[in-house]
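Engineer: Chain A is already provided as a structure; the job is to place chain Z on it using the hints.
Read top to bottom, the protein sequences are chains A and Z. Reading the first sequence from the start, the letters are residues 1 to 85 in the numbering used here. Reading the second sequence from the start, the letters are residues 1 to 291 in the numbering used here.
Any given hint might turn out to be false.
Not the full set, but computed from the structure, chain Z residues with beta-carbon under 10 Å of chain A [claimed, not checked]: (1) THR19; (2) SER45; (3) ARG154; (4) GLY213.
Honestly, the hints are just simulated from the structure, not real lab data. Model, not experiment: these values are computed from the prediction. We treat Cβ as the ideally placed atom computed from N, Cα and C, and that holds for glycine.
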Amino acid sequence: MKLTIGAVVEPGSTMVTKTGAWRTFAPVVDHKKCIKCSLCEIYCPEACIHQVEGLFVPDLDYCKGCGICSHECPRKAITMILEEK
Amino acid sequence: MQNLFAPGHRACAGCAMPTTVKLILDAAGPNTVVASPTGCLEVVSTPYPESAWMVPWVHSLFENASAVASGIEVALKRFGKTDINILVIGGDGSTLDIGMGCISGMFDRGHNVKYICYDNEAYMNTGVQRSSSTPYGTSTSTTPSGKASFGNPRPKKDMPAIAVAHKVPYVATASVAYPVDLRNKVKKAIATPGPAYLQVNAPCITGWNFEAGNTVELSRLSVETCLWPLYEYINGELASVKKIRSKKPVEEYLKVQGRYRHLFKSPDGAELIRKIQAIADANVKKFGLVD
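Only chain Z is shown next, with the shape it has when bound in the complex:
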């Protein structure tokens, strides 16, 4: 495995994001330029005057990584360098909330930029505030569980569907627990001309509050409970789905995380778990996850 993301970065022990980045860069190779928006990745990988990146990397603002990458792509094309992979690697806050406008513009203009979102389902770097990627019923610092609230009242935004709606030729979801699948999807995205969107499940030990060492296990559970379906859309059509052999109840995924502790304590918890199970069952039906 070629390593293009150096040790010594400041990610929490047990963070899934460095593994995700490592696997992405392993698939993309050294002939790659990366732009990152603000977020955990930017903060932990580049504490000035250090950088963990072994490929050219640039950070500008929270909202404009896809605009910066668009500019890099056009400039390289102008200089006749069309064989360089241009990636954006950003978190769910910058992707689903803050950078939404610039991403839409990048997709619309059809730049040959591959956008990869590592999804830890909240603003982890600033203290676990809710993002539009936070799933239903999750306790975060801005949607705390308690007497007056059961956690996040809104469903998770379906960003891959938004990318498909932009006629992005390659859209896929992946998980840090399936490294071969993740690397193949990065390679496929790069091989497809035009924009691509990839959303990778990356558990956050601080925000999700689970036992150290369980990071990959948890991401695997999110896939096995059908809360995180693995699929590919090629030219707007559902092209492949990871089938789940033995579907697990969502409780198995929820009970090991601090952010769902309230579901097992409050009297309304059982009803909320039932609603979360319904989300998983809807995924099974929509993507045909179980044979």
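This is chain A alone, in the form it adopts within the complex:
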């Protein structure tokens, strides 16, 4: 690997690493229960929950399945489901 001067790298380049592979449990959102408080987006350590066409959707490419969104959801609209591959 070639070292750049000052080890300078591109901003946001960790996105090449899909940390979703770490996951055991995946968040499943019940959009009918969601009140769009955006707490899941605020607390997500991976910054991978975004509003897509008005709905809060976790990006499973990066979600490590920590379950903070599910735990903090005031309407219990997010359930952690064991993923089997």
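Structural biologist: Using the frame of chain A, we list chain Z on its own:
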């Protein structure tokens, strides 16, 4: 919410630190330069040749992030660029122990640098060794609980008080469980000319050993039990305090963490819990947390 901290970083699942950084950068905006000391944040956010940062970011050594930030501030001032926010974001090891001298120098010279410490109360990146931010009675790998020891025998160092003693105009504590408060405090720190110090409670799933998903809940419990008071010092005076409506006993906070498991097993545990409760009660008295 603008996101300036990219996914794909290598923090443990359920770590509070990326959320903290995300909220800080959301409040500071893209016109920001960040210097970080060595620590979890540096290791997980910049595995070469990748970087999670969407703002200019620099790492030099464990001890000198505040000196590096001081240099950036002076250089930018020399080029007439005074509208750029300069932050240091570092852990408690680099802040309260290793970087102490450089931080003191930065505060003393009065640089317009905002120092933010995410406090996970030990050296988590290298395997949970005690730092001077580790609270009393905590079991870590260098202060293990057992027959000869009850965990950390020393109290937590009061870093915000040290910052106040440097006549830093804005000093505050925050918690990852209170994101609106955290963002407001970052904005206030930036709006205040001169240095600022902010210490943010950030639970560590590896070192504190708790159930995944409970990260934010745990930080909230530390505030509700009065072990982590939220306050602001402006120009040396206590300016605001988050009042606690229903104060919880410290057991509720301690019993859900592996690092305090020994308190509920050993015969001396009850006495130690009483001492930890006394720390919380002293906070209530000092800051007037309960009406």
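Engineer: Now tell me, hint by hint, if it's right for this structure.
Structural biologist: Checked hints:
Interface restraint check: Z:THR19 against chain A, minimum CB-CB distance 5 Å, threshold 10 Å, status holds. Look at Z:SER45: its Cβ gets to within about 7 Å of chain A, closer than 10 Å, so that hint holds up. Evaluation of the Z:ARG154 hint against chain A yields a violated restraint, the C-beta minimum of about 30 Å exceeding 10 Å. The closest approach between the C-beta of Z:GLY213 and any C-beta of chain A is roughly 3 Å, which is under the 10 Å cut-off, so the hint is satisfied.
Hint 3 from the earlier list is the only one contradicted by this structure; the remaining hints agree with it.
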